[in-house]
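Number of protein chains: 2
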Amino acid sequence: MIIPQPYLLFLGDVTDPLAAKTARGISVWRPEQCIGEMRLPGGTVSLGLDELDIATARARGAQTLVLGTANAGGFLPEHWKGTVRAAIEAGMNVASGLHYRLADDAELSALAAEKGVELFDIRHMRPELQVGSGKKRSGKRLLTVGTDCSVGKMYTSLALEAAMREIGLKADFRATGQTGILVAGEGIAIDAVIADFIAGAAEYLSPANEDDHWDIVEGQGSLFHPSYAGVSTGLIHGAQPQWLLMCHEMGRPHMRHLPHQPMVSLEECVEANMRVAKVTSERVELAGFAINSSNYGEQEARDYLATISAQFGVPATDPVRFGIADIALRLKEHG
Amino acid sequence: MIIPQPYLLFLGDVTDPLAAKTARGISVWRPEQCIGEMRLPGGTVSLGLDELDIATARARGAQTLVLGTANAGGFLPEHWKGTVRAAIEAGMNVASGLHYRLADDAELSALAAEKGVELFDIRHMRPELQVGSGKKRSGKRLLTVGTDCSVGKMYTSLALEAAMREIGLKADFRATGQTGILVAGEGIAIDAVIADFIAGAAEYLSPANEDDHWDIVEGQGSLFHPSYAGVSTGLIHGAQPQWLLMCHEMGRPHMRHLPHQPMVSLEECVEANMRVAKVTSERVELAGFAINSSNYGEQEARDYLATISAQFGVPATDPVRFGIADIALRLKEHG
Numbered sequence: 000m001i002i003p004q005p006y007l008l009f010l011g012d013v014t015d016p017l018a019a020k021t022a023r024g025i026s027v028w029r030p031e032q033c034i035g036e037m038r039l040p041g042g043t044v045s046l047g048l049d050e051l052d053i054a055t056a057r058a059r060g061a062q063t064l065v066l067g068t069a070n071a072g073g074f075l076p077e078h079w080k081g082t083v084r085a086a087i088e089a090g091m092n093v094a095s096g097l098h099y100r101l102a103d104d105a106e107l108s109a110l111a112a113e114k115g116v117e118l119f120d121i122r123h124m125r126p127e128l129q130v131g132s133g134k135k136r137s138g139k140r141l142l143t144v145g146t147d148c149s150v151g152k153m154y155t156s157l158a159l160e161a162a163m164r165e166i167g168l169k170a171d172f173r174a175t176g177q178t179g180i181l182v183a184g185e186g187i188a189i190d191a192v193i194a195d196f197i198a199g200a201a202e203y204l205s206p207a208n209e210d211d212h213w214d215i216v217e218g219q220g221s222l223f224h225p226s227y228a229g230v231s232t233g234l235i236h237g238a239q240p241q242w243l244l245m246c247h248e249m250g251r252p253h254m255r256h257l258p259h260q261p262m263v264s265l266e267e268c269v270e271a272n273m274r275v276a277k278v279t280s281e282r283v284e285l286a287g288f289a290i291n292s293s294n295y296g297e298q299e300a301r302d303y304l305a306t307i308s309a310q311f312g313v314p315a316t317d318p319v320r321f322g323i324a325d326i327a328l329r330l331k332e333h334g
Numbered sequence: 000m001i002i003p004q005p006y007l008l009f010l011g012d013v014t015d016p017l018a019a020k021t022a023r024g025i026s027v028w029r030p031e032q033c034i035g036e037m038r039l040p041g042g043t044v045s046l047g048l049d050e051l052d053i054a055t056a057r058a059r060g061a062q063t064l065v066l067g068t069a070n071a072g073g074f075l076p077e078h079w080k081g082t083v084r085a086a087i088e089a090g091m092n093v094a095s096g097l098h099y100r101l102a103d104d105a106e107l108s109a110l111a112a113e114k115g116v117e118l119f120d121i122r123h124m125r126p127e128l129q130v131g132s133g134k135k136r137s138g139k140r141l142l143t144v145g146t147d148c149s150v151g152k153m154y155t156s157l158a159l160e161a162a163m164r165e166i167g168l169k170a171d172f173r174a175t176g177q178t179g180i181l182v183a184g185e186g187i188a189i190d191a192v193i194a195d196f197i198a199g200a201a202e203y204l205s206p207a208n209e210d211d212h213w214d215i216v217e218g219q220g221s222l223f224h225p226s227y228a229g230v231s232t233g234l235i236h237g238a239q240p241q242w243l244l245m246c247h248e249m250g251r252p253h254m255r256h257l258p259h260q261p262m263v264s265l266e267e268c269v270e271a272n273m274r275v276a277k278v279t280s281e282r283v284e285l286a287g288f289a290i291n292s293s294n295y296g297e298q299e300a301r302d303y304l305a306t307i308s309a310q311f312g313v314p315a316t317d318p319v320r321f322g323i324a325d326i327a328l329r330l331k332e333h334g
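Going down the list, the protein sequences come from chains H and C.
Note that numbering that gives the first Met the number 0 numbers the first sequence so that position 300 is 299, with each residue one more than the last.
Note that numbering that gives the first Met the number 0 numbers the second sequence so that position 160 is 159, with each residue one more than the last.
Do not rely on the hints blindly, as some may be mistaken.
Ranges of calculated distance between the beta carbons of each label pair, as one might list FRET restraints [what the hints assert, rightly or not]:
id : chain 1 : residue 1 : chain 2 : residue 2 : range
1  : H       : Thr43     : C       : Lys169    : 36 to 42 Å
2  : C       : Asp211    : H       : Ala109    : 55 to 61 Å
3  : H       : Gly296    : C       : Glu332    : 54 to 60 Å
4  : H       : Lys135    : C       : Glu113    : 34 to 40 Å
Listing some non-contacts, in silico: residues in chain H with all C-beta distances to chain C over 12 Å [as the list claims (entries may be wrong)]:
id : residue
5  : Leu48
6  : Ala69
7  : Asn70
8  : Gly199
Note that these hints are calculated values from the structure, not bench results.
Backbone N, C-alpha and C fix where the C-beta goes; we use that ideal spot for every residue, glycine too.
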């Protein structure tokens, strides 16, 4: 279930930079795995990679065409299909984050089988799962958790993996969402598994490992989000983390998409996550805070981070603005 | 998505009374909806209902044949298929709690379509779901929760529904597991929905209702069970209960199937459930305790219940041994 890299990133004909979030994430975190990008006429979004056609990308070693832009409705537009077909014919795998399954397209499936390549439907990829057991296992694990959805858990996890590797730690990012899966080349979209298997999926994703090896598990949702807390709970139990890293957006007024749902305090959120983690982890500590402060000026952000850091006695940073080296160092010294 | 009642309960040729748990549950809680039972040669389990063949059951008004026994592996044995076929040919619907989907059997599907009857695969039945919203809604809701799996949440919910109706309250059992769904004739197997939709499924099951109407929502799993806590969490958030009823088995040494996982204390379990419920419920109270005391003598059970009741200041009962009228009365007076 590993998606062969390197990739050719397909951007379609989108004009909204936000629609290319997945492709951008891959190009930021795994530039060495991106051979180039490809657009259709009318497309205005670029990642600044070499603009290549299928044949050239294939000649330069691209293994997989990635449909890296969201599409309203999540289907495969008819005028994108020619590119998918051409990639398969050139011997490339195709990975898609669309709701629509490439595997359900009889023509594309038959062509892929004929050419001996794979179609990866990221939202639907899952191995045969067991229910979680909660059995203790070796290795170190850190899970990013959050006050809410979309507060930077994936970014923080990948930034921490990079910072830990930089200071000589063995760290691997474990992906639980579609962009993360394309970055890592493997993983499970944990919100898409059958409810009984959430914790089991997290155990599968971060198995027993060497004592000095770190899994940095990408968190999802929030214990305080009325839509997704079940996923967050199962993920905490299954990941069995010794460390939690709390992510938050400074100044967010309420839970995402739910104006009636008040934002939880950092204190209550940390306590709740610790309590849930203790169900399967003998020892769990707070590694620090990763704060998205992009709506505030630098001094305001620094003041806020200093206040949190003093209150909880752990490092607090905005990883985009100020990096995450302090937290990596703390894990090296105390992990 | 309502399963037409009354039923003919099919027991196959099983010899283990435990394998007929689902059929027994239906006959205990909805005797008026059970026209009779049917066995194959070799079957030794009986529910004490009239033993009928398909034609007689149909003539007496049976609408649905229920495959009400578990089968190792969860598939449909070849020698049961003749009965299923005969039921469809006689114009009966078929409801199955097997893992195997009747709908995946081309012959049975075609026959059902031809005869204009439905195949209900309980484990796979689900409406188009939305993610949960946590929006406040009218009506009263009580959710059974537990220290563990298999501590009597379904029994307690159904016993409470009956006791509440007896004292004139408008109460409806809301089913979240397969036996409960067959008893109620509708519901969602909540551990079988996609993880993102757990809370949404619970909201769907217990929608806004009259101010004096009670939904008694069947709980699943436990916040402290490492396999299923995600389901339990989403169910609490989606059910948005004003009342929780805590179920527990007296003397259970550890979490079900997990000898390494210690049993949680009642105190910690009540607190954790209250905290989780408060994410979506403005006000939530403990209705009482339903304790399975079947491994203990009557006096020991009474002493234990009295101790808990004094400690928490709420009624504590073993609903099988002592009924659940006290809790129903408390809800009538304070609900």
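**Message:** Hint by hint, where does the structure go against what was stated? Just the numbers, ascending.
**Reply:** 1, 4, 8
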